[in-house]
Amino acid sequence: MRGLLQRALGPTVESILRRFEQSVGLEEHAALCARIEAEPPVADEEPAPAGDDAAPAGFDLAEGWDEDGAAVAALAAAAARVHERLRRGDLDPAAGDRLLADVLPGLPPRLWFRQRGALFGTARLLRALLAVADASEARTRDYTRDVCDRLLRHLEVRRDGWLPFRPAGRPAGAWDELERLRFTHALLDACERFGDLRYLNAVLKANDWHHRSLRRAGGVDPQQLALARRLYLQSFRRQEAQMRRHFARELPGA
Amino acid sequence: MRERVRIVVLSPVESSPFSKLAIQLVHDEPGLEVAGVVVRTILNPARLRSELKRDGVRLVRKAWKKLVLGGDVQDSSRDEQGFFELAARRNLHGVSVSGLAKRLGLPVVKVADHNDPRAVAFVESCRPDAVAFTGGGILRKPLLAVAGRGVFNTHMGILPAYRGNDVVEWPIVEDRVGSVGLGVSVHTMATGVDTGPIANFQPVAVQPGDSMERLRKRFEPAMVRGLVQALRDLRDGRLSLTPQAIADGRQYFVMHPRFYEIARRKLARLAADQAVPAPARDSR
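Taken in order, these protein sequences are the chains called P and Y. Counting from 1, one number per residue, gives the positions in the first sequence under my numbering. Counting from 1001, one number per residue, gives the positions in the second sequence under my numbering.
Quick caveat, the hints were computed from the structure, so don't treat them as lab data. It should be emphasised that the depicted structure is a prediction, and the values quoted were computed from it without experimental measurement. C-beta: ideal position from N, C-alpha, C; glycine also. Don't take each hint at face value.
Chain P is faced by these chain Y residues, among others (derived, beta-carbon under 8 Å) [claimed, not checked]: (1) Arg1250; (2) Pro1257; (3) Phe1259.
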């Protein structure tokens, strides 16, 4: 009887279930990427907020941290400057570590991703921490790993409702998806840095959610949308490069 | 210790063959006694919502296979002795968990959630020496506190290395089957995910020609064996619980379908190359 049931209804049930799968097919990702590539180029990232590069202001703000993230905007700006300088190669990672390490006591890992939401602007702080991880002291490395694991847990538990942001420090009119995309890049950095495939697994899910989010992004500020699409394209390319690196023998066509 | 060791069995669903096997085997074991059974009701919106959120379509697929097809799925795993086959051999098909409890004269309570205060009060009233967990979500402190020596859980991965979800597949994807191995870890539950002290390991080896379904099915008798072994050890005063250090392992999460496919391909190669021996582990 059950064998009969399976033969009669199995294919129909299977096709219905496939339609509701949460994952997005590779072809759909590739199609969106092709469309983005055909768009006029935009800057890879927003320019870092203006400030004194030599002595990033924000880093004396450690005392100002609290549960509501009152000093988030200033810290995010400072982190962005450090990240930008590291990216341009005009800041030695060891010096970057010293700058970043100063701020850590004021922002315990548990404050990053709370039930009430995450701190907007901290993605670039995490990326800056990951960029100096090799040159950093043990306390920075431990801290960075702790924050990465918290981000992973947060994403896996909240799933496509991941990273709601607390109002404090959140710039007016900012599109949350942009900051989520920066966190996806942080997860890619973490996978490269630590060789931990759990992060790549999370990136695959995050990029599926980004794909859906970008397809229904009506009414979003065009400049932010263009930047988000560019960040998604880069994220998908980085994801696929890591997939090829880790699973060369298992990927179709290998 | 009392003359007979009193065990409460927690069941995730009325049709669970694992629960039925646990109840029957503990009942038949000299010196062990099923003091009560707690079974979750299937139609519980909060539970469905949280499990759908975690597992998505995989949950529906699992329900289709287990509840509608009764596990009698035409795939390469049919020659393995899983829960359904073991339950059938003991004539436990066609009876529900609470039906079996009634047949054996055991007190039973039905709840929406194992953490329901009614369930906690029931377990406490049974004065258990231990609780056998055969599935049914996360347990909270109040229930853990009334479980005697603890709630015994059978985890389908080697602890402490592999905590969390999809821990049959993750060691395969990470190429650690040879070093860490595959198998069931029986442990007592703590508030963290799979972080409680370990009672025993039941190794499971990859065999030539294995598919993921066949391999996973081979975990099922190991789960039954490990759970009963832990309860026998408790009865005999030989139970030794090895604490886990949090830093010794990682928590793993549900795999993206592409990772799952990679696990399948890696397993196919492992199974084609050779049978991977189970690592030498304490399997008391």
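Now the hints, each set against the structure:
1. Residue-level restraint check for arginine 1250 of chain Y holds (minimum Cβ-Cβ distance to chain P is 7 Å; threshold 8 Å).
2. Using the Cβ-Cβ criterion of 8 Å, the hint placing proline 1257 of chain Y at the interface with chain P is satisfied: the shortest such distance is roughly 5 Å.
3. The interface hint given for phenylalanine 1259 of chain Y is met, as the beta carbon of that residue sits about 5 Å from the closest beta carbon of chain P, less than 8 Å.
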